[in-house]
Structures are given as C-alpha cells and as structure tokens.
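2 protein chains.
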Amino acid sequence: MSEYLLHCFIESGNAYKAALMLELSGADWEARPVAYFDGITRTAEWRESLNEMGEAPVLEHHGKRLSQSGVILDYLSQQTGRFGPESEDEKREIWRWILFDNHKFTSYYATLRFMFGIQKSGDTPVTEFLRTRARGAYAVVDKHLETRDFLLGSRPTIADLSLAGYVFYKEETGIDRAAEFPNVEAWAARIAALPGWKAPADLMPPAA
Amino acid sequence: MSEYLLHCFIESGNAYKAALMLELSGADWEARPVAYFDGITRTAEWRESLNEMGEAPVLEHHGKRLSQSGVILDYLSQQTGRFGPESEDEKREIWRWILFDNHKFTSYYATLRFMFGIQKSGDTPVTEFLRTRARGAYAVVDKHLETRDFLLGSRPTIADLSLAGYVFYKEETGIDRAAEFPNVEAWAARIAALPGWKAPADLMPPAA
Numbered sequence: 001m002s003e004y005l006l007h008c009f010i011e012s013g014n015a016y017k018a019a020l021m022l023e024l025s026g027a028d029w030e031a032r033p034v035a036y037f038d039g040i041t042r043t044a045e046w047r048e049s050l051n052e053m054g055e056a057p058v059l060e061h062h063g064k065r066l067s068q069s070g071v072i073l074d075y076l077s078q079q080t081g082r083f084g085p086e087s088e089d090e091k092r093e094i095w096r097w098i099l100f101d102n103h104k105f106t107s108y109y110a111t112l113r114f115m116f117g118i119q120k121s122g123d124t125p126v127t128e129f130l131r132t133r134a135r136g137a138y139a140v141v142d143k144h145l146e147t148r149d150f151l152l153g154s155r156p157t158i159a160d161l162s163l164a165g166y167v168f169y170k171e172e173t174g175i176d177r178a179a180e181f182p183n184v185e186a187w188a189a190r191i192a193a194l195p196g197w198k199a200p201a202d203l204m205p206p207a208a
Numbered sequence: 001m002s003e004y005l006l007h008c009f010i011e012s013g014n015a016y017k018a019a020l021m022l023e024l025s026g027a028d029w030e031a032r033p034v035a036y037f038d039g040i041t042r043t044a045e046w047r048e049s050l051n052e053m054g055e056a057p058v059l060e061h062h063g064k065r066l067s068q069s070g071v072i073l074d075y076l077s078q079q080t081g082r083f084g085p086e087s088e089d090e091k092r093e094i095w096r097w098i099l100f101d102n103h104k105f106t107s108y109y110a111t112l113r114f115m116f117g118i119q120k121s122g123d124t125p126v127t128e129f130l131r132t133r134a135r136g137a138y139a140v141v142d143k144h145l146e147t148r149d150f151l152l153g154s155r156p157t158i159a160d161l162s163l164a165g166y167v168f169y170k171e172e173t174g175i176d177r178a179a180e181f182p183n184v185e186a187w188a189a190r191i192a193a194l195p196g197w198k199a200p201a202d203l204m205p206p207a208a
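Each protein sequence line maps, in turn, to chains Z and U. Quick note on UniProt numbering: the first sequence kicks off at 1 and runs consecutively. Quick note on UniProt numbering: the second sequence kicks off at 1 and runs consecutively.
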C-alpha cells in the first residue's frame with residue numbers, strides 16, 4: 001500500500017493540482033478513481049465518508065482525510081519539504097494566490113471549460129459571463145508573470161501548482177490563451193518543463 | 001494614526017470580513033473609503049499602489065500591504081491572538097472552510113446579490129445559475145451547522161468570520177434563508193450576538 005491515497009480522476013484539474021504535487025515531490029502515492037460522472041461526489045455516502053463538501057479531490061494519509069486542493073497542497077509542502085514558502089511573507093503570498101485561484105482563476109475557467117468544452121453547451125449567457133470573468137482573472141496573472149518566471153519569482157511553489165490545475169487541458173473554452181495571455185502561456189510551458197512533470201491523463205485514472 | 005488601516009466600504013462583504021475581525025478583536029483600526037462604484041479598484045493606479053488583483057479590501061499594517069480577505073483574517077488572528085486555530089488540525093479545518101467560502105459560499109452568493117439585489121438585473125440565466133450554485137454551497141454549510149454552533153464546533157473562528165461576510169446584508173437574492181437554511185440563519189444570529197458585533201453599515205464608510 002502506498003503512503004498517500006488520492007481520490008481523483010483525469011478530468012478534474014482540482015485533483016490534478018494534488019496529483020502533480022505528489023508526483024513532482026517524489027511521494028509514494030496511488031490514485032483511487034472517482035465515479036464523478038455518475039454523481040458520486042454529491043451522494044450522501046461520499047459526503048459522510050469522504051468529504052461533506054461533495055467534492056474531489058480527497059487525500060488520505062496516516063488516517064487523515066484532507067479535502068480542498070489548497071489545504072492538500074499546503075499539507076504536502078510541509079510533509080515533503082517541497083514547493084513551500086521560505087518565510088512568513090512568502091507564506092502569505094502563496095495563500096494570496098491560492099485564494100485568488102479558488103475564487104477566480106480556476107473557478108470561472110473550470111466551470112466554463114466544463115460547460116463549453118465538455119458538456120458542449122455552445123455559447124449561452126452563462127458561458128459568456130464565465131468567459132468574461134475568466135479573462136479578467138487571466139489578465140491579472142498574465143500581468144504578474146510579465147516580470148517573473150513563477151508566481152513568487154524565480155522558483156515554483158504550490159501557488160503555481162494550484163493555478164496550473166486547468167491549464168494543460170485541451171477542451172475548447174473560446175479563449176485563445178497563446179494569443180491573449182502570452183505570459184501565462186510561457187509560464188505553463190515552464191511548469192511542464194519541471195523534472196517529473198506529467199499531463200493529467202498520465203497521472204490520474206479515468207473517472208470510474 | 002491608528003495601528004491598522006483598512007481600505008473598505010459598506011457594500012463589500014469581503015471587506016466586512018476584515019472589518020468585523022478588527023472590531024471583534026478590539027484592534028486599533030480605521031477605515032479608508034474606496035471609490036468602488038467609480039471603478040477605482042480596477043484602475044492601474046489601484047493595482048500598482050495597493051492590489052494588483054484589482055480588489056478590496058486591502059489592509060495596511062507596519063508597512064505591510066495585505067490583500068485577500070482570507071490572508072488578512074489569518075494574519076490578524078496571529079497578530080491579535082483571537083479567533084485562530086489551536087492545533088494544526090484546526091488550522092487545516094479553518095483553511096478548508098475559508099477556501100470553500102472563496103470558491104463557492106461567498107463567491108456565488110455575493111455575485112448574485114450584486115446583480116439581482118444591487119444592480120436590479122431581474123432574473124436572468126446568469127442569476128439563475130448563481131442562485132443554484134449558492135443554494136448548493138448554503139446546503140453544505142447548513143448541514144454542517146446542524147450539529148455545531150460554529151464551523152469548528154463550540155467557539156467562533158476566522159472561518160466563521162469569512163463565511164459571515166455577506167449574511168448580514170438585506171438586498172434581495174431570491175433565496176429565503178430563514179426558510180431554506182435554518183441552521184445558517186441560527187448561526188448568523190450567534191455571530192451577531194458576539195460581544196462587540198456591528199453590522200456592515202456601522203463598521204465601514206460608504207463607498208467614496
């Protein structure tokens with residue numbers, strides 16, 4: 001049995017954040033597929049046994065059961081000594097970006113990609129709303145990365161792994177990242193060049 | 001000059017999270033109004049001098065400039081010794097709820113209240129989308145509070161102050177909180193009964 005067990009599936013960029021952290025840190029981990037498209041994360045059983053918030057990923061480690069990708073990333077950085085802050089100021093800066101990611105950068109983009117790219121909704125008032133908001137969040141990050149290799153400067157941290165959750169998926173969103181946000185595009189390429197990096201489909205199982 | 005300076009305005013529940021924490025902790029603080037409805041938080045000047053993310057609140061303290069309400073709450077709990085975690089497990093539990101708040105509980109509700117309650121958009125596909133998502137997040141919290149006075153159990157923490165950001169505003173959202181989410185309603189009343197509690201309009205200035 002591996003040291004870490006991650007409940008995850010290919011299509012979930014939030015799960016990918018945790019899977020990528022485990023992989024890049026060289027942790028001894030295994031994946032447990034989630035029957036997401038059967039709605040299992042919203043069942044009473046999932047909520048009672050794994051996560052009352054009705055979401056994946058969930059990380060199990062030494063009897064602990066952790067949810068919320070930001071909490072998992074922070075926990076793993078402490079456990080592995082990798083990609084964490086080196087000062088209190090850096091710790092706050094990391095949380096600042098993880099919160100921005102959860103509120104705006106991942107949030108709007110991931111929902112847009114789910115509706116427009118996976119469910120093939122076509123354009124609707126909701127996808128237009130989400131795309132406008134996602135573009136606003138991407139513009140903030142693009143500007144920040146104009147003068148930096150990674151969010152905190154010269155080295156990657158869990159803040160980068162959080163924001164990188166959905167940037168390697170190929171489904172259509174109606175946003176042309178390379179043209180509109182070249183600094184995000186270059187940063188994503190730097191993440192993909194980290195030793196041991198793998199794409200979502202090479203790290204996680206399909207939904208059960 | 002006060003010890004803490006908070007850039008805030010009445011209508012911002014995200015600013016209220018920080019203002020309420022400062023007030024309940026007995027901090028020496030003052031408010032600096034924000035010309036939010038003139039769009040100042042999205043100007044280049046605001047982004048360069050206060051917060052590149054284009055948002056309020058911003059807290060200034062001893063030369064530090066902090067943004068993201070979750071970071072501000074965590075910082076203030078360390079500075080004041082109030083409403084913080086008492087163990088590593090509690091710290092993770094607090095962050096778990098603050099992240100859920102930023103991603104879903106505050107996020108969908110606050111945008112719904114802005115469009116439907118302040119801009120008077122009427123019902124649109126976007127407000128219907130936001131209301132469905134807000135109800136989902138409220139249901140998670142309502143269930144959690146069925147057996148607890150506060151999110152972590154018997155005492156209030158910064159997790160409660162984060163989720164309480166928008167629950168005291170009166171604008172219409174199309175959600176009848178008292179009827180649909182009675183445990184959230186009772187919890188909001190417990191927050192309002194904390195010694196020193198004040199409503200948003202009694203803590204913060206109108207938008208400049």
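Treat the hints with caution; some may be incorrect.
List time: in silico DSS-like cross-link candidates among lysine-lysine, alpha-carbon distance up to 27 Å [as the list claims (entries may be wrong)]:
| no. | chain 1 | residue 1 | chain 2 | residue 2 |
| --- | --- | --- | --- | --- |
| 1 | Z | K64 | U | K143 |
| 2 | Z | K170 | Z | K198 |
| 3 | Z | K64 | Z | K91 |
| 4 | Z | K143 | U | K64 |
| 5 | Z | K91 | U | K143 |
| 6 | U | K91 | Z | K143 |
| 7 | U | K170 | U | K91 |
| 8 | Z | K91 | Z | K170 |
| 9 | U | K64 | Z | K64 |
Chain U stretches covered by chain Z per the calculated footprint, using a threshold of three residues with CB under 8 Å from any CB of chain Z [unchecked claim]:
| no. | stretch |
| --- | --- |
| 10 | 48-60 |
| 11 | 98-105 |
| 12 | 134-147 |
Honestly, the hints are just simulated from the structure, not real lab data. Backbone N, C-alpha and C define an ideal beta-carbon position, used for all residues, glycine too.
Restraint status (C-alpha distance of Z/K170 to Z/K198 at most 27 Å): It holds: about 15 Å lies between the C-alpha atoms, which stays within 27 Å.
27 Å Cα cutoff - pair Z/K64, U/K143: 22 Å, holds
Hint consistency between Z/K91 and Z/K170 [alpha-carbon to alpha-carbon, up to 27 Å]: 31 Å, violated
Holds or violated: Z/K143 to U/K64, with C-alpha atoms at most 27 Å apart: 22 Å, holds
27 Å limit on alpha-carbon distance, applied to hinted pair U/K64 and Z/K64: 35 Å, violated
U/K91 paired with Z/K143 [C-alpha distance capped at 27 Å]: 32 Å, violated
Three-residue Cβ test at 8 Å for the coverage of the stretch 98-105 of chain U by chain Z: Per the Cβ count (5), the hint holds.
Agreement of U/K170 and U/K91 with the hint, judged by alpha carbon distance not exceeding 27 Å: Roughly 31 Å between the alpha carbons, so the hint for U/K170 and U/K91 is violated.
Distance restraint between Z/K91 and U/K143, which requires alpha-carbon spacing of 27 Å or less: 32 Å, violated
Given hint Z/K91 paired with Z/K64 - CA-CA distance at most 27 Å: Distance of about 23 Å is within 27 Å: holds.
8 Å C-beta test of the stretch 48-60 of chain U against chain Z, three or more residues: Result for this restraint: holds, n = 3.
Annotated coverage of the stretch 134-147 of chain U by chain Z, confirmed only when three residues or more have a Cβ within 8 Å: Coverage by chain Z holds for the stretch 134-147 of chain U (4 residues, Cβ < 8 Å).
Going through the hint list in order, the structure does not satisfy hints 5, 6, 7, 8, 9.
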